[in-house]
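Student: Here is what each chain is made of, one letter per residue.
2 protein chains.
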Amino acid sequence: MSELIVKAKKLKQAASQLAMLSTEEKNNALTMIAEALIAQTEYILQENEKDMAIGKGNGLSPSLLDRLQLTEERIQQIADGVRQVVDLPDPIGETIEEWTRPNGLLLKQIRVPLGVVGMVYEARPNVTVDAASLCLKTGNAVLLRGSSSAIHSNKALVSVMQAALKRSAIPADAIQLLEDTSRETAQQMFRLKEYLDVLIPRGGAGLIQSVVENATIPVLETGVGNCHIFIDDSAKKEMAIDIVINAKLQRPSVCNAVETVIVHNKWPYTNELLHTLHEKGVELRGDKQLAATYPFVREATEEDWATEFLAPILAVKLVETVDEAIEHIERYGTKHSEAIISKCKEHVEQFFARIDAAVLYHNASTRFTDGEQFGYGAEIGISTQKLHARGPMGLRAITTTKTLVYGNGQVRE
Amino acid sequence: MSELIVKAKKLKQAASQLAMLSTEEKNNALTMIAEALIAQTEYILQENEKDMAIGKGNGLSPSLLDRLQLTEERIQQIADGVRQVVDLPDPIGETIEEWTRPNGLLLKQIRVPLGVVGMVYEARPNVTVDAASLCLKTGNAVLLRGSSSAIHSNKALVSVMQAALKRSAIPADAIQLLEDTSRETAQQMFRLKEYLDVLIPRGGAGLIQSVVENATIPVLETGVGNCHIFIDDSAKKEMAIDIVINAKLQRPSVCNAVETVIVHNKWPYTNELLHTLHEKGVELRGDKQLAATYPFVREATEEDWATEFLAPILAVKLVETVDEAIEHIERYGTKHSEAIISKCKEHVEQFFARIDAAVLYHNASTRFTDGEQFGYGAEIGISTQKLHARGPMGLRAITTTKTLVYGNGQVRE
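From first to last, the protein sequence lines stand for chains A and B. Counting from 1, one number per residue, gives the positions in the first sequence under this note's numbering. Counting from 1, one number per residue, gives the positions in the second sequence under this note's numbering.
Same shape as in the complex, but just chain A (with noise of 0.2 Å):
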């Protein structure tokens, strides 16, 4: 038997055991992985080494060997984050809705826990525990499959928390790391239907693009966000400019950084804009009007108004109306994050109405599309699909339901 096939019968196994546990039971395991992690840290750092001097080897750029490297304060980090999963409220049990029927059946909806989750991730060996600590404490097992470039820090992770795992109720077994990396047996896992109940896929829109193709297991996507913001006429200038700063500038590589900004050409702070945004090293690329006015802003092409830059990178455009503004939005949005900047009532509606998007928000940063800015402690990842879940999934996002239906003998008619 495969190493996938035997870690998926495993991982079977320990669901159907570790979907019985309390919260307590739950709790207490993740604290003792929060402290293995931490007391294995010089182990930990020592199979990391590897990874790096292998990834240094292979001429990784230093992006990405910095989101390959641990060090002593980012474990700690990521023991802080397994802590912080420990305080959040576990939804597995919760009575979602109760309802009788005429005939006297009383009907109760509750929250279970999915089964097994395959996650399925690029380099940063910080997500192996993220998932693996989100998984557990709403009775999940988890295979992880990660990227070959972080395989000794993965087995390393993986290695402390399964021995943490038999010292308490959780089944060592509710954690499975697919250490062979290959290509076809990534295809082979997205399609074990049999074993795993959903595919979470984090990284970039190839490794997404790649799980969607070819899964026969439903798929939870998330993905790209090619966000806007829209700054009406009646605009406060501070709050516009502040804004779009900050949508652009606080973290410009992640989903929720805006990508363009459109313009009402009877906002009268245009100008101001663009020149503090110029100032702060943004790059501007403008339609023709814009272009022509500025030197600083190159004209923009049809394929940079659907990028996702994921960098210090602006498009900008000028519109008569909402309406045009919507109407780009809708031809060239990701249905992610979405801002309008206005004191129009009217106009606000409309564009809460007419777009289609996950998250829509008036007057404030569309960074704040994300599981801990919502209230949520902790994010599995942001759906960009419509069904199950929408925008930033919590914990709910990797649970299922069951109605249990208590009858004295009810027959149908």
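No wet-lab data here; the hints were simulated from the structure. Heads up, some of the hints might be wrong.
No copy is singled out in the list; a pair is fine if it fits within one copy or between any two copies.
Said to hold, decoys possible - Taking lysine to any residue and the SDA-like style, the derived pairs with C-alpha atoms no more than 25 Å apart in a straight line are: (1) Lys-237 / His-152; (2) Lys-343 / Trp-99; (3) Lys-266 / Lys-288; (4) Lys-56 / Arg-101; (5) Lys-108 / Thr-399; (6) Lys-108 / Ala-378; (7) Lys-193 / Ile-208.
Position chain B against the provided structure of chain A, taking the given hints into account.
Tutor: Same frame as chain A, now just chain B:
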């Protein structure tokens, strides 16, 4: 451009208009559809007659011909079904949750249409109207892909519905029938992520598997129900026999019918149960002991335990403990509907906690797993997957959410 792409583009356009309509506008349109179906009965029957003639020529079985056939009465029932959808509460626009963050952001999660639903189904022409009315009620446009054997009936039904919509606020383009029923075009449809938001297959296991295997669009999987009833040693005689008879015979061809009965070997009425079933014409397949005892019980094969008979055939097994029953269900069940008949609270609790299924019953027939029986008013199908919706799916299952965030200049620290 192919028929598929032309219609998909029209649907996407129609969906954004449809999403903005009020409940009243949608209900008026549905009422016009119901009236038009009645007014055009003669035309619909005449087109249905063409499918019937071709079906007979192709040697379709009497049961398939019966499913294909429309009559005046059946068209009346279809129109009544549309009127029932009018009477259902509209889930669109409802606030699911509303909360404020410490930074003053107000978040409001509301229910919105999915967009464009792709229905893939087999011969029954009534699905054409049922699916269309549920989709329109929830503000979704719908691409209908029925089978070639019902093509004349489906074309007639869709043209009648479209003509009715022309006199309503809903764009007539919101309902489209894919007339090209080739396999190749179906495969293309299952991957049309740019235009379709969800696929709902309704039909046999082959159809569903083909959709799941080939789709890149999220699927709401409906499917196989290998349902069990466990009769515990403490079960009341009459209650147990009534429930088994109902669950097996009230409608044997559906997914919530029982396929295997597991009996505690200390239950005193097995003899009476089996004789009653035999007298009622149920073909029995039992374990070794039962097959050796009763001349009318054939020994069950390994395959029988795993089969959804969809016919008056029942597998029967004796066990010594509730654990053994649970293990059998975990091994052969399809996580659809599972029942326990018992007076023992502990056994019921164990059964409910340990078995992973959409619906679990205590002292009631498995036949209640149904949208109407659950009180949802209508049903788009019964989900056998764990994401998005599990069990009977009412109107809410074909909706998604949007989060509206109201700020006054908030930026992320």
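Student: Each hint needs a verdict: does it hold in this structure or not?
Tutor: Status of each hint after checking the structure:
| no. | hint | result |
| --- | --- | --- |
| 1 | Lys-237 / His-152 | neither (51 Å within a copy, 61 Å between copies) |
| 2 | Lys-343 / Trp-99 | between (44 Å within a copy, 22 Å between copies) |
| 3 | Lys-266 / Lys-288 | within (17 Å within a copy, 85 Å between copies) |
| 4 | Lys-56 / Arg-101 | neither (65 Å within a copy, 43 Å between copies) |
| 5 | Lys-108 / Thr-399 | both (16 Å within a copy, 22 Å between copies) |
| 6 | Lys-108 / Ala-378 | between (27 Å within a copy, 19 Å between copies) |
| 7 | Lys-193 / Ile-208 | both (18 Å within a copy, 14 Å between copies) |
Hint violations for this structure: numbers 1 and 4, all remaining hints satisfied.
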